[in-house]
Structure formats: C-alpha cells, structure tokens
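2 protein chains.
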Amino acid sequence: MENGMPQQITDAGRLSEQYPNSVGEIQDRSYRCRQEPGLMTVHGHSTTRRAWGKGPPDSRSDVIDFVRSSYLGLDNHPAIVAGAIEAIEAHRSLHWPRGRTRLNFDLLEELEELLAEIFRARIRVFSSGMLANLSAMLVLASGQLTGGKKPVVVFDQYAHISLAYQKPVVAEGTRMATIAHNDIDALERMCREYPVVAYVCDGVYSVGGCSPIMKLRQLQERYGLFLYIDDAHGISIFGHQGEGFARSQFPQALGDRTIIAASLAKGFGASGGVLMLGAADHEALFRRNSIPYALSMAPNLAAVGAALGSCKIHCSAELGQRQRRLAQRIDLFDRRIATAEQGNSLPTRTITIGSEANAVAIARELLDCGFYTLVKLCPAVGRGSAGIRLRITAQHELRDIEQLCDSTLKQIVKTTGKPYPLR
Amino acid sequence: MENGMPQQITDAGRLSEQYPNSVGEIQDRSYRCRQEPGLMTVHGHSTTRRAWGKGPPDSRSDVIDFVRSSYLGLDNHPAIVAGAIEAIEAHRSLHWPRGRTRLNFDLLEELEELLAEIFRARIRVFSSGMLANLSAMLVLASGQLTGGKKPVVVFDQYAHISLAYQKPVVAEGTRMATIAHNDIDALERMCREYPVVAYVCDGVYSVGGCSPIMKLRQLQERYGLFLYIDDAHGISIFGHQGEGFARSQFPQALGDRTIIAASLAKGFGASGGVLMLGAADHEALFRRNSIPYALSMAPNLAAVGAALGSCKIHCSAELGQRQRRLAQRIDLFDRRIATAEQGNSLPTRTITIGSEANAVAIARELLDCGFYTLVKLCPAVGRGSAGIRLRITAQHELRDIEQLCDSTLKQIVKTTGKPYPLR
Chain A
89 MENGMPQQIT
99 DAGRLSEQYP
109 NSVGEIQDRS
119 YRCRQEPGLM
129 TVHGHSTTRR
139 AWGKGPPDSR
149 SDVIDFVRSS
159 YLGLDNHPAI
169 VAGAIEAIEA
179 HRSLHWPRGR
189 TRLNFDLLEE
199 LEELLAEIFR
209 ARIRVFSSGM
219 LANLSAMLVL
229 ASGQLTGGKK
239 PVVVFDQYAH
249 ISLAYQKPVV
259 AEGTRMATIA
269 HNDIDALERM
279 CREYPVVAYV
289 CDGVYSVGGC
299 SPIMKLRQLQ
309 ERYGLFLYID
319 DAHGISIFGH
329 QGEGFARSQF
339 PQALGDRTII
349 AASLAKGFGA
359 SGGVLMLGAA
369 DHEALFRRNS
379 IPYALSMAPN
389 LAAVGAALGS
399 CKIHCSAELG
409 QRQRRLAQRI
419 DLFDRRIATA
429 EQGNSLPTRT
439 ITIGSEANAV
449 AIARELLDCG
459 FYTLVKLCPA
469 VGRGSAGIRL
479 RITAQHELRD
489 IEQLCDSTLK
499 QIVKTTGKPY
509 PLR
Chain B
89 MENGMPQQIT
99 DAGRLSEQYP
109 NSVGEIQDRS
119 YRCRQEPGLM
129 TVHGHSTTRR
139 AWGKGPPDSR
149 SDVIDFVRSS
159 YLGLDNHPAI
169 VAGAIEAIEA
179 HRSLHWPRGR
189 TRLNFDLLEE
199 LEELLAEIFR
209 ARIRVFSSGM
219 LANLSAMLVL
229 ASGQLTGGKK
239 PVVVFDQYAH
249 ISLAYQKPVV
259 AEGTRMATIA
269 HNDIDALERM
279 CREYPVVAYV
289 CDGVYSVGGC
299 SPIMKLRQLQ
309 ERYGLFLYID
319 DAHGISIFGH
329 QGEGFARSQF
339 PQALGDRTII
349 AASLAKGFGA
359 SGGVLMLGAA
369 DHEALFRRNS
379 IPYALSMAPN
389 LAAVGAALGS
399 CKIHCSAELG
409 QRQRRLAQRI
419 DLFDRRIATA
429 EQGNSLPTRT
439 ITIGSEANAV
449 AIARELLDCG
459 FYTLVKLCPA
469 VGRGSAGIRL
479 RITAQHELRD
489 IEQLCDSTLK
499 QIVKTTGKPY
509 PLR
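Line by line, the protein sequences are chains A and B.
Each number in the working numbering corresponds to the 1-based position in the first sequence with 88 added.
Each number in the working numbering corresponds to the 1-based position in the second sequence with 88 added.
The hints are simulated quantities; they were obtained by calculation from the structure and are not laboratory data.
Check the hints yourself; a few may be wrong.
[What the hints assert, rightly or not] Derived lysine to any residue pairs resembling SDA-like cross-links, with alpha carbons at most 25 Å apart: (1) A:Lys400 <-> B:Arg180; (2) B:Lys238 <-> A:Lys238; (3) B:Lys400 <-> A:Lys238; (4) B:Lys400 <-> B:Lys237; (5) A:Lys237 <-> A:Glu276; (6) B:Lys400 <-> B:Ala167; (7) B:Lys400 <-> A:Glu174; (8) A:Lys238 <-> B:Val257; (9) A:Lys400 <-> B:Ala178; (10) B:Lys400 <-> A:Ile173; (11) B:Lys237 <-> B:Glu205; (12) A:Lys238 <-> A:Glu174; (13) B:Lys400 <-> A:His179; (14) B:Lys237 <-> B:His179; (15) A:Lys400 <-> B:Glu174; (16) A:Lys400 <-> B:Ser336; (17) A:Lys400 <-> B:Asp194; (18) A:Lys303 <-> A:Val284; (19) B:Lys502 <-> B:Glu490.
Remember, it's a predicted structure, so these values are computed and weren't measured experimentally.
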C-alpha cells in the first residue's frame with residue numbers, strides 16, 4: 089500500500105498483480121486435493137466434492153449433509169418439483185419451443201414478473217448466477233452502467249470466484265483494483281481519489297460473514313459509489329418475501345447506482361441466476377440483444393418451472409415459517425459451539441481447529457459418524473487456522489444439529505487432545 | 089504480420105491487441121441491435137433473439153424456425169422429455185439429492201459411461217458447454233495438459249465466443265495469439281517457431297464451415313501440436329454413433345494431444361456440455377476436485393435425465409435415420425439455392441445479400457411469410473456482404489425447405505430489384 093492506496097490500480101490493459109491468479113490456483117488446488125480424497129475441501133472460494141462410498145447403492149451410508157446451500161430446504165419441495173415437471177410436460181421439451189410452435193417466452197416473462205414483485209426490482213433472468221455475473225462485469229467495465237464513464241472497478245478480496253474470475257476481462261476495459269475484505273476505509277479513499285468508482289462484493293459471503301451494506305450505502309450517497317452485490321447466499325433467507333440480505337437493506341427503489349445479483353439455485357431452491365436492476369435503461373442494457381446469446385441464455389424449461397413453483401412459496405406464509413426454522417437452528421448451534429460468526433443470523437459457521445492435518449482428520453471422523461462437512465484449508469485462511477465449515481438449513485432436524493455438535497466436540501478432543509475452543 | 093508471424097504473440101501478462109475486445113463489442117452491439125427490433129441479428133459469433141409478437145398467445149403467428157440448432161430435431165423427442173421427467177420424479181428434486189439421502193452421483197456416472205461409449209473417449213460432463221470451455225482454457229493455460237510446459241495458445245479468429253472470451257484469462261497464464269480463420273500455414277509457422285503450441289478452434293463453426301481436421305492432425309503428428317476443438321455444432325449429425333464431426337476424423341484412441349468439447353444442447357437434444365479426453369491423467373485433471381466447483385457443476389437432474397434419453401437414441405437405428413433426413417434436406421436446399429457452403433454436408437447456409445439494409449428488409453419479409461431466420465451483419469462479415477443465415481434440421485418438412493427457398497428468392501427480387509445470386 090502506498091499513501092494508504094492499494095497498489096493494484098491498473099491502467100486499462102495492464103493486469104493487477106494482486107488478484108487471485110486463477111491459473112495458479114488451479115495448479116495448487118490440483119496438487120492439494122490429491123491429498124485429501126473423499127472429503128469436501130475448500131481452497132479460497134472454491135469447493136470440491138467426492139461421492140461418499142463407491143460400490144452398489146445399498147452398500148453406501150446415508151450421511152447428513154451440512155454442505156448444501158439450500159438454506160430453506162426448498163430444493164426438494166413438492167411444489168418446486170411439480171413446477172419443473174409441469175413446464176416440461178406442457179411444452180414436451182426441455183428447451184424453449186421451436187419449430188412449428190409460437191416463438192414466445194410466456195413462462196419466462198411470467199417468471200420475470202413474479203421475481204420483480206418478490207425482489208422489488210426490474211429483473212433479468214440468466215441460466216446461471218455465473219453467467220449473470222459474467223454479463224454484468226462486461227457491461228460494468230464498458231461504462232454503460234455509470235453514465236458512459238468507465239469506473240474504476242474495485243473488487244473485495246473475497247468476492248465470489250465467478251466475479252474474481254472476470255478480473256482480467258474487466259482490466260481489459262477499465263482500471264481495476266482489489267482491496268482487503270470489507271475494508272471500507274480503503275474503499276472510501278478510492279472514492280475520494282477517483283470520480284467514478286464501482287465496488288464488487290458479495291452480500292452474504294459463501295465463506296461466512298457479510299458486507300456492511302449500510303456503510304456501503306453511505307459511501308454511495310456521499311460519493312455516488314456504484315454497488316454490484318452478489319447476494320447468491322443471502323436470497324430467500326432474509327426479507328419479508330425472501331428478497332435477500334442485500335435487497336432488504338435498500339429502500340423501495342433500488343436506484344441507478346446499484347445492481348444486486350442473485351442465484352435461484354441456493355436458498356431459492358430452483359436453478360438459474362438473476363440481476364436485480366433499479367433503472368429502466370439498465371434493464372434495457374441487459375436485454376438479450378445486448379449480451380452475447382451464449383451468455384444470456386435463459387434457464388431451461390425445467391429450471392423456469394421450478395423457479396415459478398418457488399415464487400409461489402415466496403409469496404406465501406411458508407417462507408416466513410422456513411426462515412424462522414432456519415433461525416432456530418442457527419441459534420441452537422450457537423448455544424452449543426462458539427464461533428467467530430456467533431449470533432450473526434447467517435447459516436454458515438466455521439469451527440477453527442488449527443492445523444490442516446487435524447482439520448482433515450476431524451472432518452473424516454465426522455463423515456464416519458454420518459455428518460458431511462467442509463474442510464477449510466489454506467490459502468483461504470491463514471496458516472494454522474484450518475477449520476470445519478458447515479451450512480445450517482431449515483431442513484435439518486434439531487437433533488441433527490445437537491448430534492453434530494456432540495460429535496464435533498468429541499472428535500476435537502480425540503484428535504487434538506484438547507477441548508474446544510482450541511487455543 | 090512480421091516475417092509471416094502474427095503480431096499478437098504476447099508474453100504472460102501482456103494482452104494481445106488483436107483479439108476481439110469483448111467490452112467494445114458489447115457497446116457496438118447494444119447500439120446496433122436497437123436498430124433492428126424483432127429480428128434475430130448476428131454480430132460476429134453472437135446472436136440476439138426477440139419474441140415474435142407481443143400480446144395474448146392467440147394473437148401471435150406460428151413461424152417455422154430456421155434458427156434453432158437442434159439439427160436432428162431431438163430437443164422435443166418423447167424419449168428425451170420422458171428421461172428428464174423420470175429423473176426429477178425419481179429424486180423428487182431438480183438438483184442432486186442432499187440431506188438424509190445418499191451422497192452419490194449414480195445418474196451422472198451412468199451418463200458419463202454411456203457418453204464414453206458413444207464418443208469413444210474419457211468423458212467429463214459440465215452444466216454447459218460454456219463452462220466446459222472455461223474450465224478447459226484454465227487448465228490448458230496452466231501447462232498441465234502439455235506435460236507441464238505452458239503452450240503458446242493459438243486461437244482461430246472465428247473460435248466460438250465462449251472460447252474467445254477466455255483470451256484475457258489465458259493471456260494471464262501463458263502466451264497467446266490469434267490467427268486468421270483456418271490459416272494452416274500460419275499455424276505451421278507457429279509450430280516451427282515454438283516448442284509447445286496448442287490450437288483452439290471449432291469443429292463445425294456456428295457461422296458456417298468447418299476446421300480442416302486432417303490437416304490439423306498432420307501438424308499434430310509432425311510437431312506435437314495440441315488440439316482443442318469445440319465441436320458443439322458437429323455433435324450427433326456426424327459419426328456412426330453421433331460422435332461428431334471432429335471425433336469421427338480421429339482414430340480409435342484420441343491420444344493425449346487432443347481434447348474435443350461438445351454441447352449436449354444442440355444436435356444432442358438435451359442440456360449440458362462435455363469434454364472428450366484421450367488420456368487418464370487429463371481425465372484426472374478435470375475431476376471435480378481440480379476445477380472450482382462453481383465451474384465444474386454437473387447439469388441438473390432434468391438435464392442429465394434428458395441426456396440419458398438421448399444416449400439411447402444415439403445407440404439405436406433412429407440416429408442414422410435422422411442423420412439421413414437431415415442430409416436429404418440439406419441436399420434439397422442446395423439444389424434450389426446456391427451458396428458458398430453448397431455441398432459441404434453441414435446444416436448452416438448463408439445467403440449473401442449485400443447491403444445490411446436489404447438483408448434486414450428481406451429477413452423481416454421472410455418473418456412475415458412465416459420463416460424465422462438469422463440476419464448476418466458486420467462486423468461478422470465484410471462490408472457489403474450481409475446476408476441471411478439459416479440452419480436446416482431433420483425436423484423440417486421438405487415443403488418447409490421448398491417454401492423457404494421460394495419465398496427467399498421472391499423477396500430478394502422484390503427488395504433488391506435483381507434475381508439471386510446477386511452480383
């Protein structure tokens with residue numbers, strides 16, 4: 089850092105040296121993952137997965153999954169499954185109707201209208217959150233979201249990999265920087281230094297924690313900061329209609345300095361991604377004629393049908409019931425095991441163990457006990473801070489949480505020789 | 089070009105100036121598309137789409153679609169639709185089973201085994217062709233596919249946008265260049281100049297035409313050239329089991345210097361993308377623990393179920409019947425309208441009109457006549473070479489082709505005052 093400014097400001101065409109080198113990560117990850125077969129391992133923002141048990145289905149064990157991100161337990165909801173099947177049956181296709189049929193997108197239009205009500209924003213739907221982010225980063229770098237003036241695009245260090253991956257492409261079009269996680273002071277210095285700044289971050293971070301939305305809004309009001317917030321992990325679990333962690337902290341109108349991205353595949357229980365937009369001209373930019381078709385593809389019919397089923401749940405009393413169930417389970421966990429995230433009402437918890445070897449050993453024991461968890465390794469965390477990460481959902485039974493906590497505390501003693509919390 | 093070498097060779101970290109500026113393309117596209125509402129317009133490798141007709145469904149016209157890329161007409165095949173529904177019903181979810189169920193990927197394993205037989209290669213399945221390409225470009229740039237030595241990655245100028253979009257990321261990891269379309273001489277000069285070269289191209293190009301696979305194989309044998317071929321538009325329509333345009337021109341074993349990418353969403357009639365790999369260690373690289381999870385996601389259950397249904401068709405006599413139907417329709421078109429692609433057995437045809445205004449006017453008239461076609465504009469083609477592009481499928485009736493040809497020839501005279509072919 090020089091004069092309090094991050095050293096990563098790049099001119100268009102010169103790449104930042106500070107952002108994750110995706111290619112280097114791949115090499116590192118490949119080596120490390122060969123050492124921990126059978127477990128879910130986390131490197132930075134990426135996860136890996138292995139089937140538990142090979143051989144005939146009868147020989148495999150059932151485990152309780154604390155890895156999935158279907159936070160409200162919606163992904164196997166009968167209404168959502170029925171929605172997917174209905175859409176395929178009605179069109180007799182997995183894809184949009186072609187050939188001697190009408191070229192229309194009725195179901196997609198219906199979905200976008202319902203989502204517009206739920207999220208209180210203009211909506212564009214994409215086949216995945218990744219493609220929504222990819223398209224948005226292209227358009228952001230072009231300056232068209234900021235009145236024709238190319239912004240300095242500032243990434244939070246922990247921004248999701250589907251955003252971080254776009255850094256070379258963003259750097260191709262405009263200046264780009266990365267700042268330390270949630271470093272609001274550094275962001276404010278950028279706002280004072282440059283006339284047009286855009287900040288790219290998550291709402292709820294998949295690694296745990298969240299953005300300080302109110303402080304970001306203050307910077308927006310003071311400096312006109314443009315906010316791009318990927319709230320994939322905050323959708324459905326917050327907000328009266330499940331509009332999400334980020335959206336629920338903005339006023340009625342989103343405005344023309346904010347875009348919130350959301351996944352329909354996590355808390356929402358369906359498939360696909362959306363952009364919540366606050367301005368008519370932003371919506372026009374994301375019409376399918378402005379984005380390469382390969383990027384702007386709509387979700388397939390099954391996904392749209394599933395999402396329509398989920399919309400109905402989001403407009404019913406069941407949403408609140410599931411949100412409260414989730415809150416109850418998070419609270420139960422917090423009363424049994426203390427973590428840095430204690431009390432933050434988010435569904436991700438990380439139990440710090442210390443050495444990677446111990447973390448891996450404990451996760452393996454937990455799997456044998458019937459609990460599937462994530463292992464959080466370097467370089468995502470500092471050396472000596474490896475841990476067990478898990479996601480709590482509304483679908484877990486209270487006894488699942490109790491038994492997980494019991495097993496975890498027991499395995500920590502057995503593996504490390506010391507009780508939790510470890511010092 | 090200097091000394092016959094393209095000037096775009098970059099050192100790691102310095103971006104090529106010659107590849108398409110994706111951000112600039114977005115700005116250009118947005119402006120141009122506002123001028124041609126209601127039509128499918130093509131800019132380079134990207135397409136846009138509008139619904140035909142707003143208002144209640146009854147008020148809209150049926151049109152015959154010559155834009156879809158379901159070349160064998162499989163996307164609404166009952167076996168494929170049934171496969172999608174069965175998979176969702178069996179698991180009561182759109183997603184992989186979680187919670188109190190077995191953590192396994194039976195259906196996905198079954199799909200990969202069937203695809204391995206059809207494509208005669210080791211297989212990794214991805215949720216889309218785009219993500220398959222994205223993952224592969226990451227790994228290619230790292231050098232892990234070329235014995236640990238980073239290759240100079242050479243892109244064909246017309247490589248699909250989902251590959252071209254990765255150029256900044258590839259340039260981050262290794263040297264990168266773009267050569268003119270199918271310029272085998274330039275590619276050979278690169279092979280002589282650099283010890284490790286990888287060529288990235290399409291098998292069948294979405295814009296028409298194809299790669300000279302046999303010449304590429306000669307370069308591979310002579311110089312060890314690594315070949316990455318995206319055959320999304322060649323799958324199913326070529327090969328005894330629909331293994332595709334590229335795969336059918338390689339011997340029994342694919343070898344460790346070739347990867348062929350395929351879409352399961354076009355000729356194949358389902359959803360998702362695959363990589364065909366020839367080496368066990370390449371397959372290991374693409375295991376889900378080597379690629380960020382966000383990129384390596386498997387297709388959802390409906391897509392896997394649909395693909396399983398399509399595999400059965402590919403292993404039956406019906407595949408050959410559909411391939412022959414397609415060939416018959418292409419031949420009929422070629423007997424009525426002469427194009428540069430005449431006789432090349434690929435399903436894409438481009439009718440050169442000349443001025444963009446005329447091309448747009450003719451496409452609009454064709455739409456009014458009930459035929460949905462693509463308008464091919466600059467900068468995809470040279471100025472004065474705008475045209476109508478269309479895709480022929482096995483599902484078109486012979487009279488559809490005849491009537492399309494009649495209407496096209498008539499509209500050309502009406503709009504330009506001259507008969508086709510226009511000089």
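Practice prompt. Could you check the structure against the hints above and give me the numbers of any it violates, in ascending order?
Written response: 2, 3, 4, 11, 12, 14, 16, 17
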